[in-house]
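**Student:** Chain residues, written in single-letter form:
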Amino acid sequence: MKRILVLLLVLSVGISAFAAPSAADAALKGDLSIFAWLPDNPDIVVNWVDAFKARYPNVTLNSQMMTGQNLTENLQPRFASGNIPDVFSFELDPFSHSQVDAGKIADIGDTKAWAEMVPAMQASWTYNKVKYGISGGIATTLIYYNMDYFKKAGIAAPPKNWDEFLAACEKLKKVGIAPLVWYGGFPNMLSNGPLSWGLANYVYPNEPGVVKNMDTTKYDFSKNKGWLETYQKMDILNKKGYLMKGFTSTDYAAGQDLFNAGDAAMLFAGTWQAAYLIDKGSFQTGLFLPPWNNKGKELVVVNASETGWAVGKNGNEKLGKLLLDFMFYDNFNIYQNPRGSVSPFKSTKGNVLNGKLGTAMVELNKYPKFVDLWGRLLPTPAATESTTLAQSIYIDKTPEAVIPLITKAQNDWFATK
Amino acid sequence: MRKKELRIYSTFTDRWATQGFLFMLPALFFVTLFIVVPVFLNVFLAFTNYKGFGVPYRFIGLMNFQSLVTDASFWLVLGNTFRLLLIYVVVLNVVAIFLAILIVDVGARFGNFVKALLYFPCLLAPIVVGFVWRLILNYNRGLVNSTLRSFGLDGLAQNWLGEPALIIPIISLVIVWFATGYYTIIYYAGVMAISPEYYEVATLEGANGIQKFRYVTLPMLAPAITINVVLSTMGVLGAYDLPTAISAGGGPGYHGTTLALLVIRYVYDTYQEGKALAVAVIMSLIAVVLAYFELKILIKREEH
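Going line by line, the protein sequences match chains A and B.
Per the working numbering: the first sequence = residues 9 to 425.
Per the working numbering: the second sequence = residues 13 to 316.
The set of hints was computed from the structure by calculation and includes no laboratory data.
Warning: the hint list may mix true and false statements.
So the derived label-pair ranges between C-beta atoms look like this [said to hold, decoys possible]:
#	chain 1	residue 1	chain 2	residue 2	range
1	A	Ala269	B	Val43	19 to 27 Å
2	A	Ile403	B	Ile47	33 to 41 Å
3	A	Ile403	B	Gly250	20 to 28 Å
4	B	Arg70	A	Thr75	44 to 52 Å
The calculated BS3-like cross-link candidates involving lysine-lysine, where the alpha carbons are at most 27 Å apart (straight line), are [what the hints assert, rightly or not]:
#	chain 1	residue 1	chain 2	residue 2
5	A	Lys112	B	Lys63
6	B	Lys63	A	Lys139
7	A	Lys220	B	Lys63
8	B	Lys312	A	Lys137
9	A	Lys405	A	Lys226
10	A	Lys159	A	Lys288
11	A	Lys182	A	Lys37
12	A	Lys425	B	Lys63
13	B	Lys224	A	Lys321
14	A	Lys303	A	Lys179
15	A	Lys226	B	Lys224
16	A	Lys231	A	Lys137
17	A	Lys112	A	Lys425
18	B	Lys63	A	Lys416
19	A	Lys168	A	Lys374
20	B	Lys63	B	Lys127
21	A	Lys220	A	Lys364
Where chain B lies over chain A, by a calculated footprint (3+ residues, C-beta under 8 Å) [stated by the list, open to error]:
#	segment
22	115–122
23	197–204
24	335–349
Glycine included, each C-beta is placed from N, C-alpha and C at the ideal position.
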């Protein structure tokens, strides 16, 4: 009996030694803060915090979720007041670049998570030689579709170009199925979806240096016909009655719900939404690359980074980088598993990638030409104005009327730059 | 003798005035620091390409204002703001007066319950109220349209948040729902302060209910009306959280955008802080002009 008790005691000490933090981790002291933009899944932060506290019991970790329309409106007051969080969600946009230039973002080139990131994402997250963020995932927008509805409408295979796409929509409409859920009430997704694929397939091929042109000179959006075509394609879908009724107020969450409820056959959505859309309704979900290429033209794809994470240069960056590595090198699965997103890292330990999404990403990477998302490429005032005007073409403006308005927004900004 | 008295009096008031001024100094300091200086700074920075703390900026004259007034969207937004003001201020004050009289009429016990019920929305965060109403008014699954469809009234189910003509009235009415309790309490206090004798005399003179309201209640409520009209005008002019939550940032297009939302849009979406400050200057001018005329008209009415 005594021997059994001793054995149990030894075993329990041994187990607790494995479970307990190492002496070095336990000795680490300090305060840290996370400021997260995770509207889809706030539990991720809670799980990260719990895991971190178990490993570093003497480091206080405060977490706060961002709210509102976008993460920049959360970060800007913090940065302006000098109250920079230690680790926070961050974008690949002009605001982020301005903060890098202002010396408010730590260079994370010496972290394990950075070394593990694939070269394309390292390139995306380097600005003026500062390695300023870890990608949350490799991202694009795809068309998610209801395979049962496609079968019912007699569509044998996903469309490969714009004409085939319209033909598929027409077949769906003829059998009484609304072809598309459309994010008319959430301009961000119009920007990530149809505007980005329009930029890739109509603007960029005509003018590969378009981004530089907009940033360095006054710019006339009517000179490159691709801009107009981008809006015209969005307009056609409405004019032909392919968009679900009431779409001008459909927002992010409502769009997902409507698709999953089988209210329409297709939804233009991000890879970051995969976990909430693939096989979540009472039907099989398929995925295909948005065929925004005209017949006979090769598809140019949108291949970008998800919202990423950065470390503030606030005097606490050593601990901040430790936390970043903890979140993305040691525990990326906490972030990836519930979202089912595409890992930006070379190895995928503990990650679960949905097979259908994996196939779509392999397909995406076959295309040699790609561009980033609309909102990341255009100067911010033009990007914001053009996105709002993408809503307006469904209400009170023609695509032709939209072009001079974006030109005005761009050039008014440029004049005061 | 007379001269001496006057001198003593004068010395006393001077000393009193000096002491009074000294007591006011801390308050004056903070008012200057947090109100006067920011207002002047706002006006100054509206003529620059200001982009936030620590970023160099330059004087650009009237370019921000010129950019605004030559933009059709700005005029649409200005129109939206006035429509919101008109619907909100009129409906809110009419409803609040009506409810205040009703509460007095139903007696203390039930009246207290109604007061508590009406005041309840004021305890909620405006942003939460906005999101809840967004769900209620959702076209496909919202409570309003689902109810209408369940009664076979499909034709009445509207895209409440996606129709340009509907969005401003919807925003106005939701803010009325949210704020009615607060303004009703002020009117209630006003109604309770009216001496019952006036009503007794009116009854003896043979006045009916409408006449009592027209010739007794309404004139006696004039000070409360002045306060509420001015407060509700200023309140809704700067309202941001509730309108942005209902309209998902001011949509569809610019049809749900007001001047307050436009300021936020230029600050946080396009990073044109100078332009945002120009909108803020225009907003302030509108507020001053409106408050001036409202006070002038309503105080004149009080005197009558």
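**Student:** Would you mind marking each hint as holding or not holding in the structure?
**Tutor:** Hints and how they fare:
1. Ala269/A x Val43/B: 19 to 27 Å: 55 Å, violated
2. Ile403/A x Ile47/B: 33 to 41 Å: 40 Å, holds
3. Ile403/A x Gly250/B: 20 to 28 Å: For isoleucine 403/A and glycine 250/B the Cβ distance comes to about 26 Å; the hint holds.
4. Arg70/B x Thr75/A: 44 to 52 Å: 34 Å, violated
5. Lys112/A x Lys63/B: 16 Å, holds
6. Lys63/B x Lys139/A: Holds, because 24 Å separates the two Cα atoms, which is no more than 27 Å.
7. Lys220/A x Lys63/B: 22 Å, holds
8. Lys312/B x Lys137/A: Roughly 67 Å between the alpha carbons, so the hint for lysine 312/B and lysine 137/A is violated.
9. Lys405/A x Lys226/A: 24 Å, holds
10. Lys159/A x Lys288/A: It holds: about 18 Å lies between the C-alpha atoms, which stays within 27 Å.
11. Lys182/A x Lys37/A: 66 Å, violated
12. Lys425/A x Lys63/B: At roughly 10 Å apart (the allowed maximum being 27 Å), lysine 63/B and lysine 425/A satisfy the hint.
13. Lys224/B x Lys321/A: 69 Å, violated
14. Lys303/A x Lys179/A: 19 Å, holds
15. Lys226/A x Lys224/B: 67 Å, violated
16. Lys231/A x Lys137/A: Violated. Lysine 231/A to lysine 137/A sits at ~34 Å, over the 27 Å cutoff.
17. Lys112/A x Lys425/A: Holds, at about 21 Å.
18. Lys63/B x Lys416/A: At roughly 20 Å apart (the allowed maximum being 27 Å), lysine 416/A and lysine 63/B satisfy the hint.
19. Lys168/A x Lys374/A: Holds, because 14 Å separates the two Cα atoms, which is no more than 27 Å.
20. Lys63/B x Lys127/B: 46 Å, violated
21. Lys220/A x Lys364/A: 36 Å, violated
22. 115–122: violated (count 0)
23. 197–204: Since three or more residues must qualify, the claim that chain B covers the segment 197–204 of chain A is violated, with 0 doing so at under 8 Å.
24. 335–349: violated (count 0)
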